[in-house]
Each structure stands twice: as structure tokens, then as C-alpha cells.
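Participant: In terms of our numbering, the sequence shown is residues 14 to 43.
Hints were generated in silico from the structure; no laboratory data involved. Every residue, glycine too, gets a C-beta built ideally from N, C-alpha and C. It is possible that some hints are incorrect.
[Said to hold, decoys possible] Restraint-style ranges between C-beta atoms, simulated for each label pair:
1) 42 x 15: 38 to 44 Å
2) 14 x 34: 26 to 32 Å
3) 36 x 15: 27 to 33 Å
4) 41 x 14: 36 to 42 Å
5) 14 x 42: 37 to 43 Å
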Amino acid sequence: MLRDFFFQIIAPLLVGVMVTLVDHWLDGGQ
14 MLRDFFFQII
24 APLLVGVMVT
34 LVDHWLDGGQ
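Input sequences plus hints: build the corresponding full structure.
Facilitator: Put into C-alpha cells, the structure is as follows:
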């Protein structure tokens with residue numbers, strides 16, 4: 014299904030963005 018394909022690409026992208034944001038956040042907090 015197209016939706017599964019969509020999630021296979023969007024899910025890792027979102028995780029990558031979240032990790033980058035949290036990393037930035039922790040860096041700025043200290």
C-alpha cells in the first residue's frame with residue numbers, strides 16, 4: 014500500500030529530526 018511506503022520514509026525522517034532537535038536542545042541547555 015502507498016500509505017505503508019509513505020510511513021517507511023516519513024517515520025525515519027521524523028525520528029532523525031527529533032534526534033537532531035533533542036541533541037541541539039541538550040547542547041544549548043548546558
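Participant: Check each numbered hint against the structure and report the violated ones by number, ascending.
Facilitator: When the structure is compared with the hints, none of them turns out to be violated.
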